[in-house]
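Peer 1: Next come the chains, spelled out residue by residue.
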Amino acid sequence: MGDPLVGLGGAFLAAGLLARLGRRLGLPTIPFFMAAGIIFGPHTPGIVLVDDAHDLELLAALGLILLLFHLGLEFSLGDLVSGGRRLLAAGTIYLGLNVGGGLVFGLALGWGTREALVIAGAVGISSSAIVTKLLIELRRLANPESRLILGIIVVEDIFLALYLALLAPVLGQAQGAGETLAVFGRAFAFLVLLALVARYGARWAGKLVGSGDDELLTVLFIGLAVLVAGVAENLGVSDAIGALMVGLILAESPVAARIQTLVLPIRDAFAAIFFFAFGLTIDPVDVVEVAGPVAGAVALSLGLNLLAGLIASRLHGFGRRASANVGLTILGRGEFSLILATLALGAGLDGRVAPFVGAYVMVLAVAGPVLAAQSGRLSRHLPQKLFGPASQSGLSA
Amino acid sequence: MSPQVNEQELPGIGRRFGMECAEGGSAVVVIHHSGRRDLYVVTPGEEEPDCAVALTDAQARTLGSILSGAYFKPAVVEEMEAVIGALLIDWVTLKEDSPAVGRSIAELEVRPRTNMTVAAIQRGDESIIAPGPDERFEAGDRLVVVGRREDLSGFVRHMVG
Numbered sequence: 004m005g006d007p008l009v010g011l012g013g014a015f016l017a018a019g020l021l022a023r024l025g026r027r028l029g030l031p032t033i034p035f036f037m038a039a040g041i042i043f044g045p046h047t048p049g050i051v052l053v054d055d056a057h058d059l060e061l062l063a064a065l066g067l068i069l070l071l072f073h074l075g076l077e078f079s080l081g082d083l084v085s086g087g088r089r090l091l092a093a094g095t096i097y098l099g100l101n102v103g104g105g106l107v108f109g110l111a112l113g114w115g116t117r118e119a120l121v122i123a124g125a126v127g128i129s130s131s132a133i134v135t136k137l138l139i140e141l142r143r144l145a146n147p148e149s150r151l152i153l154g155i156i157v158v159e160d161i162f163l164a165l166y167l168a169l170l171a172p173v174l175g176q177a178q179g180a181g182e183t184l185a186v187f188g189r190a191f192a193f194l195v196l197l198a199l200v201a202r203y204g205a206r207w208a209g210k211l212v213g214s215g216d217d218e219l220l221t222v223l224f225i226g227l228a229v230l231v232a233g234v235a236e237n238l239g240v241s242d243a244i245g246a247l248m249v250g251l252i253l254a255e256s257p258v259a260a261r262i263q264t265l266v267l268p269i270r271d272a273f274a275a276i277f278f279f280a281f282g283l284t285i286d287p288v289d290v291v292e293v294a295g296p297v298a299g300a301v302a303l304s305l306g307l308n309l310l311a312g313l314i315a316s317r318l319h320g321f322g323r324r325a326s327a328n329v330g331l332t333i334l335g336r337g338e339f340s341l342i343l344a345t346l347a348l349g350a351g352l353d354g355r356v357a358p359f360v361g362a363y364v365m366v367l368a369v370a371g372p373v374l375a376a377q378s379g380r381l382s383r384h385l386p387q388k389l390f391g392p393a394s395q396s397g398l399s400a
Numbered sequence: 197m198s199p200q201v202n203e204q205e206l207p208g209i210g211r212r213f214g215m216e217c218a219e220g221g222s223a224v225v226v227i228h229h230s231g232r233r234d235l236y237v238v239t240p241g242e243e244e245p246d247c248a249v250a251l252t253d254a255q256a257r258t259l260g261s262i263l264s265g266a267y268f269k270p271a272v273v274e275e276m277e278a279v280i281g282a283l284l285i286d287w288v289t290l291k292e293d294s295p296a297v298g299r300s301i302a303e304l305e306v307r308p309r310t311n312m313t314v315a316a317i318q319r320g321d322e323s324i325i326a327p328g329p330d331e332r333f334e335a336g337d338r339l340v341v342v343g344r345r346e347d348l349s350g351f352v353r354h355m356v357g
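Line by line, the protein sequences give chains A and B.
Mapped onto our numbering, the consecutive letters of the first sequence carry residue numbers 4 to 400.
Mapped onto our numbering, the consecutive letters of the second sequence carry residue numbers 197 to 357.
A few of these clues could be false.
Simulated restraints, written as ranges between beta carbons of each label pair [stated by the list, open to error]:
| id | chain 1 | residue 1 | chain 2 | residue 2 | range |
| --- | --- | --- | --- | --- | --- |
| 1 | A | 107 | B | 299 | 54 to 60 Å |
| 2 | B | 335 | A | 272 | 31 to 37 Å |
| 3 | B | 331 | A | 210 | 20 to 26 Å |
| 4 | A | 318 | B | 303 | 51 to 57 Å |
| 5 | B | 356 | A | 26 | 30 to 36 Å |
| 6 | A | 20 | B | 332 | 45 to 51 Å |
| 7 | A | 218 | B | 199 | 43 to 49 Å |
| 8 | A | 196 | B | 250 | 41 to 47 Å |
I should point out that these hints are in silico values taken from the structure, not numbers from a laboratory.
Glycine included, each C-beta is placed from N, C-alpha and C at the ideal position.
Here chain B stands alone, though its shape is the one from the complex (with noise of 0.2 Å):
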């Protein structure tokens, strides 16, 4: 059986999600809408959380694979995620109103602001393989993107905001 989350709105900052721990006393994760991650530990018996800390986004996914027990297992991360080395080839969606909606490849500086390469651009039916610079994204455009792990998140608020 899998375990019960809590699940809570904190009206103005984000999400309360708490689960109750093993040996008791629970973990308790705040998502703010900023993307920040907060980590609290309570100890059974205890009002107030003996730890805290405080992620961000790329960190809290970090952690996230390590608990769940994929991130030294580097070829099964997530089903659409693939990591050979230091070299990560990921799927990003583009949304209604993502900054980089109606703009093109060159007028995004793409390359040298995010250091991540669009390899692909699946729109609809169509593949564009190799997009040149003055291809223009859509909405719901699916874009094959190459690059390090570590400018994965620079590249995302770049490009999906």
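Pulled out of the complex, with its shape left as it was, chain A reads as follows (with noise of 0.2 Å):
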């Protein structure tokens, strides 16, 4: 039992304070996670904390389900719905060059149509870990574009929900058109009961896993978050979505404030274990293999979230400053980009796409937050008729 500990502990210890270099310079604590597991992992020389990512398998999996069960838990329709038609308008622009560029992308690249699938959404859909953040400490909430930014993200946030629950029966290896159509089926049946509990049953949810107690309260939640995963998980479903259901029908609940509270913690630790176990899958010889391809991504991410925040910023009449800080503030890629990788690992998809992915996070996770605090320099390059005469921006109150 020794190894194992020492590997674990020292995943633990290397990830958290190669992140805290990282804050130092401002940058987001996900690629340095991540890179941790790719310095003390088995391709690179060196320490080896860890030999085998499958070692991690079971603690990374909590990892990636209390990240979705967290994001459901806050998921707030009621946020999009009071902010109105433009805020949905700007989201839906934003995904649909977003993830379409990307679905255009990996089909150019070859790699296949399901392998295409998967960069569509690594590549189109921003962290909203990351992007919530860096308003935060770039200190713009107050701007008036933040709103705008909060709001394609709130979007992002359920067009990934979706994605997940349509790709995992798409990625499965069903054989024949019989047996996609059963497995289809089997998911829709799943997810339509899900909602229905989440609609109707809430209360009763609360009551399972409800206690005055933090104790019990944590060991029954995360209980049920962990045992739904894996049911999903069986009917192929994948255990992503299913824990992103829990959270959505625990939100509802009347303990929903506190369990917001007590994952944060446990969410922390397990989904650093997550980005770890991610860096061991990567070898570094892969991904100067594909570094064209994300080169390209890269750059067409970031044209494309341009064109997006100087649409939305038209949309609502803001200025060249505030579209510039729309489209480099979104540029930001991180966890979900992950996870979509992790799905295709787990469906044994080409083996180029998780190095492919974990690179360009790499690259946007630092590249985004860096560009974002630039916004204001950056943004006099790009040229003023863009913009209307009227587009007069500065702080309305």
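Grab the two chains, each in its own frame, and use the hints to assemble them into the complex.
Peer 2: Okay, here's the thing in structure tokens:
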């Protein structure tokens, strides 16, 4: 038992220390957790903390489950409705451009259709964790365009949920049309059941896990989330979507606020292991092989993000600086891209997908915040004529 | 005429309140769901705020009372709230999902954990004065609490959630 513990403890420490270094530079933690996995993994010389990513499989899965459980818990359809149609429009335009562009790019790579679907999601969906943290740290919450950014993120979260639900059966190794249909049917029935529970049975679910005692509440909600995730995985729906649905269900229960607080430290710990374990699977040699596609995808995302920022800002009458803020802030990619890449690994897709997504996330998770911090200066290079004369920005109260 | 406050939802974060200031510019307050407050000050003609500070719930309340002119006249703070020197007496109402609901004073370890004392409970028409350690809280209970001002937010977190 000694060696696995040394490996696991080392993984936590290496990930944490490296990420702390990154925080000093104002960078998000996710790329550093992943980098720790690469550096202390089997594919690079030097210390090897964990030989095989499978050794961390269960703990990494727990990290993934808690990430999506928390996303479901924080889901705010109400926020979106109150945000109105323009937020929805901005989010839809953003997704249309980025996921659509990602799909075309994925197909152009010629790695396969299922691979292209994973790449479309990984390239198209921003990291809500990185974006939200960035807005707070850059002290831009008061800016008028920040509401737009947060609205786009909410739309992206909802899209991710639907995309995960649809993608899992597609990625499964079903043979022939009949079996594929059966998997789809089963997945669909399971999701409908969970949706019904979310709509009508939240009180009942709250009663099942509810306890006045924080200790018992924690044990029970983790149990429910992991169990449903496992059942979902067995039914071919993917553990990710199962965990997300449990989060959605408990979000409607009276204990939601307490779970939101209690889940955070556990999620943070195991999510770090999830990112570390993903890093373990990455061989830098493979990354060099996909360097071309990664550079292409980064350039594509940068272009499409600026375009989406421009359109969204025109829609809201914002100026050029706000437009750059929108485009560059939501450029951050992180947990969702890696979750999709993990699905690809699990489904045995083309081995180039994981290193491709890993490197792509690494570049954008670092470049996004750096560019966003400089957006004011960078925006001066955008042609003024793209913005109407009336688009005098400036903070209105 | 009272000044116009522009209120907006910030999805996933909380709410944003903006107000024009006397000599142009504006002050913006963001209240996070977590209770954290951000205060931004924008001078006229600037696109981004000149300064921003983050405040805890207790700090924000104190700053608010200074701005409203109540801080140095403690006797008139709020209708229900009284401060005598360092001592504070306040009313707190339990919500349906408050952690304290269904649990007793002893189980909650109210005094050792919050440094505050529940002096009385108003439950409907019934008043329970100086409740014993086995007294269980119910949703809708109004508690009269006594303690130090700085401990109140901890008490509210522990009991009301």
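Peer 1: Given the range 20 to 26 Å, decide if the beta-carbon distance of residue 331 of chain B to residue 210 of chain A lies inside it.
Peer 2: For residue 210 of chain A against residue 331 of chain B, whose Cβ atoms are near 24 Å apart, the range 20 to 26 Å holds.
Peer 1: Would you say the C-beta atoms of residue 218 of chain A and residue 199 of chain B sit inside 43 to 49 Å of each other?
Peer 2: 48 Å, holds
Peer 1: Does the Cβ distance between residue 196 of chain A and residue 250 of chain B fall inside 41 to 47 Å?
Peer 2: 43 Å, holds
Peer 1: Quick check on a hinted range of 30 to 36 Å for residue 356 of chain B and residue 26 of chain A, using CB atoms only.
Peer 2: At 33 Å between Cβs, range holds.
Peer 1: Assuming the hint says 31 to 37 Å, is it satisfied by the Cβ distance from residue 335 of chain B to residue 272 of chain A or not?
Peer 2: 34 Å, holds
Peer 1: 45 to 51 Å was suggested as the range; check whether the CB atoms of residue 20 of chain A and residue 332 of chain B agree with it.
Peer 2: Distance hint for residue 20 of chain A, residue 332 of chain B holds at roughly 47 Å.
Peer 1: Given a hint of 51 to 57 Å, does the C-beta separation of residue 318 of chain A and residue 303 of chain B actually sit inside it?
Peer 2: At 54 Å between Cβs, range holds.
Peer 1: Could you tell me whether the CB distance from residue 107 of chain A to residue 299 of chain B stays inside 54 to 60 Å?
Peer 2: Since the Cβ atoms of residue 107 of chain A and residue 299 of chain B sit about 58 Å apart, the hinted range of 54 to 60 Å holds.
In the structure shown, no violation is registered for any of the earlier numbered hints.
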